[in-house]
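Novice: What follows is each chain in one-letter form.
Number of protein chains: 2
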Amino acid sequence: MTFETIHDLETPSVLIDLDLMEANIAVMQSRCDALGIAFRPHIKTHKIPDIARRQLEAGAKGIACQKVSEAEVFVDAGFDDIQIPYNIVGARKTRRLAALAKTAKVTVTVDSQPVIDGIAAAAQAAGSTIHMMVELVSLGQRTGTTPEDALALAQRIGASDYLRFAGVMVYPSDAAVRPRLLETLGLLEAAEIPVETVSGGGSGAVSAMDQLPELTEMRVGTCVFWDWNSVSAGYAGFDDCAMRVRASVVSANAPGRVILDSGSKSINSETIDGQFGYIVEYPTARIYKVNEEHGYVDFSACESMPAVGEIVHIIPVHTCVVTNLHNQLFGARGDNIEVIWDVSARGLVW
Amino acid sequence: MTFETIHDLETPSVLIDLDLMEANIAVMQSRCDALGIAFRPHIKTHKIPDIARRQLEAGAKGIACQKVSEAEVFVDAGFDDIQIPYNIVGARKTRRLAALAKTAKVTVTVDSQPVIDGIAAAAQAAGSTIHMMVELVSLGQRTGTTPEDALALAQRIGASDYLRFAGVMVYPSDAAVRPRLLETLGLLEAAEIPVETVSGGGSGAVSAMDQLPELTEMRVGTCVFWDWNSVSAGYAGFDDCAMRVRASVVSANAPGRVILDSGSKSINSETIDGQFGYIVEYPTARIYKVNEEHGYVDFSACESMPAVGEIVHIIPVHTCVVTNLHNQLFGARGDNIEVIWDVSARGLVW
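If you're matching them up, the sequences are chains E and F in order.
Going by our numbering, the first residue of the first sequence is number -7, and it counts up by one from there.
Going by our numbering, the first residue of the second sequence is number -7, and it counts up by one from there.
Calculated from the structure, these hints are not laboratory results.
The reader is advised that the hints may include incorrect statements.
Note: identical chains are not told apart, hence a pair may lie in one copy or across any two.
Below are the SDA-like pairs computed for lysine to any residue, each with C-alpha atoms no more than 25 Å apart in a straight line [said to hold, decoys possible]:
#1 Lys53 - Asp42
#2 Lys53 - Glu284
#3 Lys97 - Glu2
#4 Lys94 - Asp0
Throw the hints in and build the complete structure from the sequences for me.
Specialist: Right, here's the structure in full:
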């Protein structure tokens, strides 16, 4: 199939406004440059090597992936500095990780001794070196550990010939985590363990970068496209959102209610204020429900209502999960389609 | 990669218990047989031709898909009786639909005149015949129309040389829709328009089949696997649920809290009672939050808590959306992997 303009596209299709994406890439890079820290884009938002390459060309230092299988796609595409901010657990995964580390610089994060030991054994068997950061627990109460334990983990990492201690990671990196970070850095300094990298991340962290002067790098994914979550949190405006899902009206039989051909399989099922997406052409319309292939829209607050066959554009609540639902993204400049990307690292869960 | 038993699998992986799946297929077929109606499995739940073939071998009559692109996969795989219970809108889609109708019996549903006219034009251009049912609106207030309008649509369908009126469709098919269905059937009879099929559907409809004696066929997808939604609604028990997501513990640093490697990218973000899945080994554990690659589990109500590296099995809230997230499903009998299926119709949104 060939597509010359967005009007040739089937719906639902995911459009990326190239002007906005390029501006977003430049803005984030210059913010990191101004602070003197490295920008390491998280590829989870786009899952596309060509977009990561544009981020590197703008000045980014390496990339972050969330899965070994994603890292494999990017190493195959020529990327040689990959961070996986995740506890890699299980013999098959650690074996694949150690194999990757033969051809690229691979950095992972850990928050417990069993995770270190599993990776160390695989690195030893492969004869490769894996870089390892310790993760501190944050307000999000997800993964991560305490400052005391972080020191113990750093020492254990340092004791292996196949691991290299690479620093400290926090997610999200905000002012709340700073006391714990400072305590950890103090303990490491007292133990004479050098800290190469202090890695922060999270969309919110973008606004708080200057509150954590200890950071040496920032991992963020969403900033390449932004989304309604970002707008709602004040990180961006709707005018910055580069991703839009092009959708068609397939039913309009009831006053004020329209059904779109885009449901949870296209725009996902996450919500903001009970809404599943923001319709650019009808800002007061509300996508109040989704099934897999249907989006239910309330147009009662709008002056007019679209008819069957009319096309609308939806800014999704959360771009990363939308990318993961689609096999292609369409890069458009104005109405012209300039590039069709396969989402190469889509659906990679291992 | 070769996998001989489930213990060889990476996590997260989606297991299908073949004994349970086969029992589920047999049960649904025999319930339809007992009522004297056709069973038309909706493939949205598995998206895999081999599973649909097993359903046909058990006695099912044709299949239902939700998208033209899904129908294309199944026609390529040799299926010749395909229903798409959806308003197919847009010139590219109707052209592909009309092309499919040259090699398979294709039935769609419609709820408005513009949808009929678009499909009729494509069928005429292709010289093919498309079967068409009218959809009645139900309590769900999604697509569908009124009895009076259904009659008008049936007459319009009948007026085209390239369309064939195939009957009436309702979703979900429950007792509440019966007055509207009876009125429609009465209007069609008075107009001397024969009704070949009255098609019902929805997991809930399975329990209400005998309350709608007018049905001649039943479309249901979820009954092949069942899921927590089905259990919650009383359609099945956990012991009937054939799909389980195999997940690993990757962090266990806090009392009562464990982090799994399975988040919204693996088990989806739909919930029941604020929970994102049911852990078979720990029935009182609560998956209370997900990020894309993390599942947060509260084990405070459990007698014990798993350690890093331990594997658990999750019955998902909604199987269809889980299937759509994965590239493979693993069919297991006991611990042995008997078949690895590519999810051929995964991610097809057009």
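Novice: Measure nothing new, just compare the shortest in-copy and cross-copy C-alpha distances for Lys97 and Glu2 to 25 Å and report within, between, both or neither.
Specialist: Between copies, since 23 Å is at most 25 Å while 40 Å is not.
Novice: How would you label the pair Lys53, Glu284 (within, between, both, or neither) given a Cα cut-off of 25 Å?
Specialist: between (38 Å within a copy, 24 Å between copies)
Novice: Go through the copies and call it for Lys94 and Asp0: within, between, both or neither, with a Cα cutoff of 25 Å.
Specialist: between (44 Å within a copy, 24 Å between copies)
Novice: Is it within, between, both or neither when you check Lys53 against Asp42 at 25 Å Cα-Cα?
Specialist: Within one copy, since 15 Å is at most 25 Å while 45 Å is not.
This entry satisfies every hint, going by the numbered hints stated previously.
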